[in-house]
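> These are the residues of each chain, in order.
2 protein chains.
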Amino acid sequence: MSQFINAKDTTVLEAIDGTIRASGGELARLDGYPHIKVVVRANWDKSQVALVSGGGSGHEPAHAGFVGEGMLAAAVCGDVFASPSVDAVLAGILAVTGPAGCLLIVKNYTGDRLNFGLAAERARAFGLNVNMVIVGDDIALPHLPQPRGVAGTLFVHKIAGAIAESGASLGDVTAAAERVIAGTKSIGMSLDTCWVPGSPKENRIPEGKAELGLGIHGEPGVEQVSYGGARQAMAAVTNKLSQTMGNVPHVALLNNLGGTSELEMAILANELAGSVIGKNIKLIVGPATMMTSLDMRGFSVSTYPLAAEDHAWLTAPCGPASWPGCKSLNAVRKVEIPDGLRPIEPIPSKHPETEAFLKKCCECLIAAEADLNALDAKSGDGDTGSTLAVAARALIDASARLPLADHTQLLRAIGQELSQTMGGSSGVLMAIFFTAAGDAAASGAPMAQAYKAGLGRMQRIGGAELGDRTMVDALSPALDVLITEGVTKAALAARRGADYTARLSTAKAGRSAYVSEEQLIGHIDPGAEAVARLFECLST
Amino acid sequence: MSQFINAKDTTVLEAIDGTIRASGGELARLDGYPHIKVVVRANWDKSQVALVSGGGSGHEPAHAGFVGEGMLAAAVCGDVFASPSVDAVLAGILAVTGPAGCLLIVKNYTGDRLNFGLAAERARAFGLNVNMVIVGDDIALPHLPQPRGVAGTLFVHKIAGAIAESGASLGDVTAAAERVIAGTKSIGMSLDTCWVPGSPKENRIPEGKAELGLGIHGEPGVEQVSYGGARQAMAAVTNKLSQTMGNVPHVALLNNLGGTSELEMAILANELAGSVIGKNIKLIVGPATMMTSLDMRGFSVSTYPLAAEDHAWLTAPCGPASWPGCKSLNAVRKVEIPDGLRPIEPIPSKHPETEAFLKKCCECLIAAEADLNALDAKSGDGDTGSTLAVAARALIDASARLPLADHTQLLRAIGQELSQTMGGSSGVLMAIFFTAAGDAAASGAPMAQAYKAGLGRMQRIGGAELGDRTMVDALSPALDVLITEGVTKAALAARRGADYTARLSTAKAGRSAYVSEEQLIGHIDPGAEAVARLFECLST
Chain A
340 MSQFINAKDT TVLEAIDGTI RASGGELARL DGYPHIKVVV RANWDKSQVA
390 LVSGGGSGHE PAHAGFVGEG MLAAAVCGDV FASPSVDAVL AGILAVTGPA
440 GCLLIVKNYT GDRLNFGLAA ERARAFGLNV NMVIVGDDIA LPHLPQPRGV
490 AGTLFVHKIA GAIAESGASL GDVTAAAERV IAGTKSIGMS LDTCWVPGSP
540 KENRIPEGKA ELGLGIHGEP GVEQVSYGGA RQAMAAVTNK LSQTMGNVPH
590 VALLNNLGGT SELEMAILAN ELAGSVIGKN IKLIVGPATM MTSLDMRGFS
640 VSTYPLAAED HAWLTAPCGP ASWPGCKSLN AVRKVEIPDG LRPIEPIPSK
690 HPETEAFLKK CCECLIAAEA DLNALDAKSG DGDTGSTLAV AARALIDASA
740 RLPLADHTQL LRAIGQELSQ TMGGSSGVLM AIFFTAAGDA AASGAPMAQA
790 YKAGLGRMQR IGGAELGDRT MVDALSPALD VLITEGVTKA ALAARRGADY
840 TARLSTAKAG RSAYVSEEQL IGHIDPGAEA VARLFECLST
Chain B
340 MSQFINAKDT TVLEAIDGTI RASGGELARL DGYPHIKVVV RANWDKSQVA
390 LVSGGGSGHE PAHAGFVGEG MLAAAVCGDV FASPSVDAVL AGILAVTGPA
440 GCLLIVKNYT GDRLNFGLAA ERARAFGLNV NMVIVGDDIA LPHLPQPRGV
490 AGTLFVHKIA GAIAESGASL GDVTAAAERV IAGTKSIGMS LDTCWVPGSP
540 KENRIPEGKA ELGLGIHGEP GVEQVSYGGA RQAMAAVTNK LSQTMGNVPH
590 VALLNNLGGT SELEMAILAN ELAGSVIGKN IKLIVGPATM MTSLDMRGFS
640 VSTYPLAAED HAWLTAPCGP ASWPGCKSLN AVRKVEIPDG LRPIEPIPSK
690 HPETEAFLKK CCECLIAAEA DLNALDAKSG DGDTGSTLAV AARALIDASA
740 RLPLADHTQL LRAIGQELSQ TMGGSSGVLM AIFFTAAGDA AASGAPMAQA
790 YKAGLGRMQR IGGAELGDRT MVDALSPALD VLITEGVTKA ALAARRGADY
840 TARLSTAKAG RSAYVSEEQL IGHIDPGAEA VARLFECLST
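Which chain is which? The protein sequence lines are A and B, in order.
The working numbering applies: residue 340 is where the first sequence begins, and numbers increase by one.
The working numbering applies: residue 340 is where the second sequence begins, and numbers increase by one.
Chain A on its own, in the form it takes in the complex (with noise of 0.2 Å):
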């Protein structure tokens, strides 16, 4: 298997120029490729704290898909999983730090500690007003003294970006900034390791097991468990979140780490609601791909004490799309299911005239039953006879139950029988061929018009059209000319429509169309055989 990358060392600056020029504008970079990679907001004026973060890349869409109103002023991006330069960071500082000054949100590892520090030593040396947290929310190792930061993160830029982005002071922002560090908890759980550009893949992971505890390095987890399913992994992180909350609400955020599918993200946002610390979850983000470990098969989720304070700057709109939104976390909502999902039974009526016809009809594709068994058998798999038949004989026992003095209803009557009776696709074209039929007789059309109609619908749901090999090349023809010209000429159109699929190569519609020319060349198609034999019977 492959990447969708171009080479190792082009990886990240690609990456950020995609960015940017998906950003609707919004998003610019600083001129200073390869080894300055600034993302910054187009539109920043500098009048507010700017939030600066960054670190090294591979955790997409963090940090350049959180710069934006409301959220980060500037993302400092190094190689994947390198720290950035001093440099680096510097200039982004400068780039976006005004009079109200700047704070700088930093990871808890080394190389990026260093770097953003000494940045902002050298920023503070310019007269710049800087201040620097640490995120250190993984609980992997619940008495390490310095935890490493991971998607608990997000919490930091949304709530001191909306405060921020508020007009508060430096100084607010960055003790509201302390706060949330001071209450945010996260771990992640991984099915598979994650895949650096340019290096091998790493199979770490055997089959059955888990990572429990992971950075968003690739770095491996703290423990490997054994995997029992969703439920289970969810269980396994809320347990170790629920030692470190204690009783009270929180938010939550539930992170792909990469390479999870949507689908598994949904069941594992469900076990989230269902888990030991569901009931003090109130407002979750996600589940989405926030602070990824690349293609990581992984999740993680992050936790935070819901100050009152927080909520409103939790769910303020902001510029980043890559902000899924912070919503109520709520019990499954349903909504009784509509009356009326059983057809209304007709009130059946007599009608002998009717009765005998429709039984001719009947017996007459039970007649024709192996014939056409056996010319399906050169194109599919041998049952159009006798799913036909099936359906006539079911018909013929059914008309007793029909409405067969009223032609409307029995149209649609009869569409409901063959939807029940004959089954698959056959069984749904002949149903709404007749319920289209039915309708168009309500309206007021005679007869062959209905059928027309009930023909158009059929055509247009099943998509066959004229010369597509089907029983539309027998059927259209003859209701054409039964219009007109009554059931003999009729029955003649039937059958020349049938014999022409004969000299058709190659089917458009149904089933064989996966058939090979050789194959279909010189046999009529059964349904139009169907339709022909129909329609020579009533002729008679």
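In short, the hints are calculated from the structure, not lab data.
Predicted model, so just to flag it, every value in this text is computed and none were measured.
Be careful, since some hints might not be right.
Same chains, same label: a pair holds when it works inside one copy or across any pair of copies.
[Unchecked claim] Computed cross-link-like contacts, BS3-like style, restricted to lysine-lysine with a CA-CA straight-line distance of at most 30 Å: (1) Lys699 with Lys717; (2) Lys347 with Lys666; (3) Lys347 with Lys717; (4) Lys347 with Lys540; (5) Lys579 with Lys618; (6) Lys717 with Lys621; (7) Lys540 with Lys618; (8) Lys828 with Lys385; (9) Lys618 with Lys347; (10) Lys666 with Lys621; (11) Lys579 with Lys548; (12) Lys540 with Lys698; (13) Lys699 with Lys385; (14) Lys828 with Lys698; (15) Lys579 with Lys699; (16) Lys698 with Lys621; (17) Lys579 with Lys347; (18) Lys689 with Lys717.
Let chain A serve as the given structure and place chain B on it in line with the hints.
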């Protein structure tokens, strides 16, 4: 490797419930599990035309993720890659359709056409006004009369949804949908197959190959092509699209098929902008995960000619968080690197006493080189002495250009020199120490207090506390004593602190945090020893 599911049969049910729980109350579902899986807008009042879509699951966030204001009123979900039943579709129609009617948006698969088609007939028999459009945007097989419906369906949801939200009639909404369908073209490429829950993963695509022209159900692509990187991949896709587009403005949708990392998707966005069709793409949706094939590592591009009237519909705000917005596609906007990355060179000045003091310090460290290396070899790579000696020699060499007479500037200049000559973490930490000390001195702090300020900043950024077995254990007590009792007492304090590190069995910061207890005990930390030697030197 495993998946985050619980059981095959409950996968879709649980995923829908998770989506509803995390929707902030925007979504509900019909109470018809397991057979009827229909997601509806919780606040839908049937006052406008209801858009209903759906089909098999496994395409998340489609379709439930696009239910919301300005897009769908309901999504009818089948099992993974299986069409929903007629009853399920009918239930969805009945649940959301009012006097304004309903438009079914169906992707061109036989099962979906038939089940949605028959459900539409049944709904019409209830007197409801139901139209149905069929999306066939896939150009993988250009001459196929019934192309598949893939990610371009999102254009239909968005444009028809915005028009319906504006209060347009069913006829107008249907006409708009037909117009979008007629112009939309899509094609996808993948590097790996998707993994259907409960089935073994098929590994169909060999190393170095990609599949071009995919559906969204894991079926093989139309061609298996050689894979030559992101640029060539995007070229293969856009070359196909360009043949259908003409030289007119378009909107493009860049879709993650499920398992492609955000980093890769950003690179693909960059390639799309630079591709043969890039100059005609005025608006872009994505890159984002919208219409997936579970976890497929692939992408698709959809294009639609940008009629003037559609610009507003595409960019109109809408409810569903899964819609990433539609933005202008731009050139990479660049901002000049700010001035000041290169520190101001200090003005050299003479001060014989200071020069002598500095030289004495440096020579003391040079003299300790071998001893410090030997100590470092116990817990590290044995180069602490050499690192310090190299820096000391460089500082002696630099003395002619240092601002020796201005102690504030001198501290900053030393910081700058050390960050360039020492390298690595220790260089950055020393630079932080001296820069912060210089800042404090500039604010009028006495020299010993200035050093304390430098130490504080270095500790904060480096994360080392007293007792963590670092140079801090010698430097911190020495500076405390220096302020009040002078250098001789300071040297004794430094020595006590350094000796104390030999009794510390765990290091909590710096590189020796990764070394075992047995390797540490009995050995003084080389950084602390260097500090003690320096003070001892100065006190004689």
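> Each hint: holds or not?
Results for each hint:
no., hint, in the structure
1, Lys699 with Lys717, "within (28 Å within a copy, 101 Å between copies)"
2, Lys347 with Lys666, "between (38 Å within a copy, 29 Å between copies)"
3, Lys347 with Lys717, "neither (55 Å within a copy, 37 Å between copies)"
4, Lys347 with Lys540, "both (14 Å within a copy, 29 Å between copies)"
5, Lys579 with Lys618, "within (16 Å within a copy, 51 Å between copies)"
6, Lys717 with Lys621, "neither (63 Å within a copy, 52 Å between copies)"
7, Lys540 with Lys618, "neither (39 Å within a copy, 36 Å between copies)"
8, Lys828 with Lys385, "neither (85 Å within a copy, 49 Å between copies)"
9, Lys618 with Lys347, "between (45 Å within a copy, 27 Å between copies)"
10, Lys666 with Lys621, "within (8 Å within a copy, 32 Å between copies)"
11, Lys579 with Lys548, "within (18 Å within a copy, 42 Å between copies)"
12, Lys540 with Lys698, "neither (69 Å within a copy, 51 Å between copies)"
13, Lys699 with Lys385, "neither (86 Å within a copy, 46 Å between copies)"
14, Lys828 with Lys698, "within (22 Å within a copy, 117 Å between copies)"
15, Lys579 with Lys699, "neither (74 Å within a copy, 54 Å between copies)"
16, Lys698 with Lys621, "neither (65 Å within a copy, 63 Å between copies)"
17, Lys579 with Lys347, "between (37 Å within a copy, 27 Å between copies)"
18, Lys689 with Lys717, "neither (41 Å within a copy, 104 Å between copies)"
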